[in-house]
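Trainee: Start counting the sequence shown at 16; every next residue gets the next number (the working numbering).
Source of the hints: derived by calculation from the structure; they are not laboratory data. These numbers come from a predicted model, not from an experiment. Glycine is no exception: its CB is placed at the ideal position from the N, C-alpha and C atoms. Honestly, I wouldn't trust all of these hints.
[Said to hold, decoys possible] Below are the DSSO-like pairs computed for lysine-lysine, each with C-alpha atoms no more than 27 Å apart in a straight line:
(1) Lys87 - Lys104
(2) Lys47 - Lys67
(3) Lys67 - Lys104
(4) Lys47 - Lys95
(5) Lys47 - Lys73
(6) Lys87 - Lys47
(7) Lys104 - Lys47
[What the hints assert, rightly or not] The calculated label-pair distances, taken between Cβ atoms and stated as ranges, are:
(8) Lys73 - Asn33: 40 to 48 Å
(9) Asn65 - Gln90: 25 to 33 Å
(10) Gly101 - Ser38: 18 to 26 Å
(11) Thr44 - Glu93: 22 to 30 Å
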Amino acid sequence: MSFILDSNTHTLRDPERNIELRSIRGYSTGDKDWEIHWNGEVIGFTARDNPKYGGETKNILMGIDWYVASMKIPQHLESKRAEVMGVIKEAMEAYGLKYSRMKVDCRVQFDQRLIR
Numbered sequence: 016m017s018f019i020l021d022s023n024t025h026t027l028r029d030p031e032r033n034i035e036l037r038s039i040r041g042y043s044t045g046d047k048d049w050e051i052h053w054n055g056e057v058i059g060f061t062a063r064d065n066p067k068y069g070g071e072t073k074n075i076l077m078g079i080d081w082y083v084a085s086m087k088i089p090q091h092l093e094s095k096r097a098e099v100m101g102v103i104k105e106a107m108e109a110y111g112l113k114y115s116r117m118k119v120d121c122r123v124q125f126d127q128r129l130i131r
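Construct all of the structure, not just a fragment, from the sequences and the given hints.
Mentor: This is the structure:
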């Protein structure tokens, strides 16, 4: 259970468990869009930076936490949300980001083939 970073594509992979984390795009607000590929499924999510300041005047950056601000989870994976979040948390921490909390605005992504 170890992740390997491809520095050319900035993709984090765990080939043994078929997990891949891809950075898609970043925004000036500090938000960043990601995709996690897990067992043939693609789950898109946005991670938001949460800077922590300290010091006497509270102007020294002490660290940056992150949390999942939104997630597009396929409908058939809705029952495995906790497992999906665990995989995302583990991959993001392996990428070097410190996990803060599991605040998620989850949007279920419906398979359009199932909607009539």
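Trainee: Take the hints in turn and mark each one as holding or not.
Mentor: Outcome of the hint check:
{"no.": "1", "hint": "Lys87 - Lys104", "verdict": "15 Å, holds"}
{"no.": "2", "hint": "Lys47 - Lys67", "verdict": "18 Å, holds"}
{"no.": "3", "hint": "Lys67 - Lys104", "verdict": "19 Å, holds"}
{"no.": "4", "hint": "Lys47 - Lys95", "verdict": "23 Å, holds"}
{"no.": "5", "hint": "Lys47 - Lys73", "verdict": "25 Å, holds"}
{"no.": "6", "hint": "Lys87 - Lys47", "verdict": "14 Å, holds"}
{"no.": "7", "hint": "Lys104 - Lys47", "verdict": "15 Å, holds"}
{"no.": "8", "hint": "Lys73 - Asn33: 40 to 48 Å", "verdict": "44 Å, holds"}
{"no.": "9", "hint": "Asn65 - Gln90: 25 to 33 Å", "verdict": "29 Å, holds"}
{"no.": "10", "hint": "Gly101 - Ser38: 18 to 26 Å", "verdict": "20 Å, holds"}
{"no.": "11", "hint": "Thr44 - Glu93: 22 to 30 Å", "verdict": "28 Å, holds"}
Violated hints are absent here; each numbered hint is respected by the structure.
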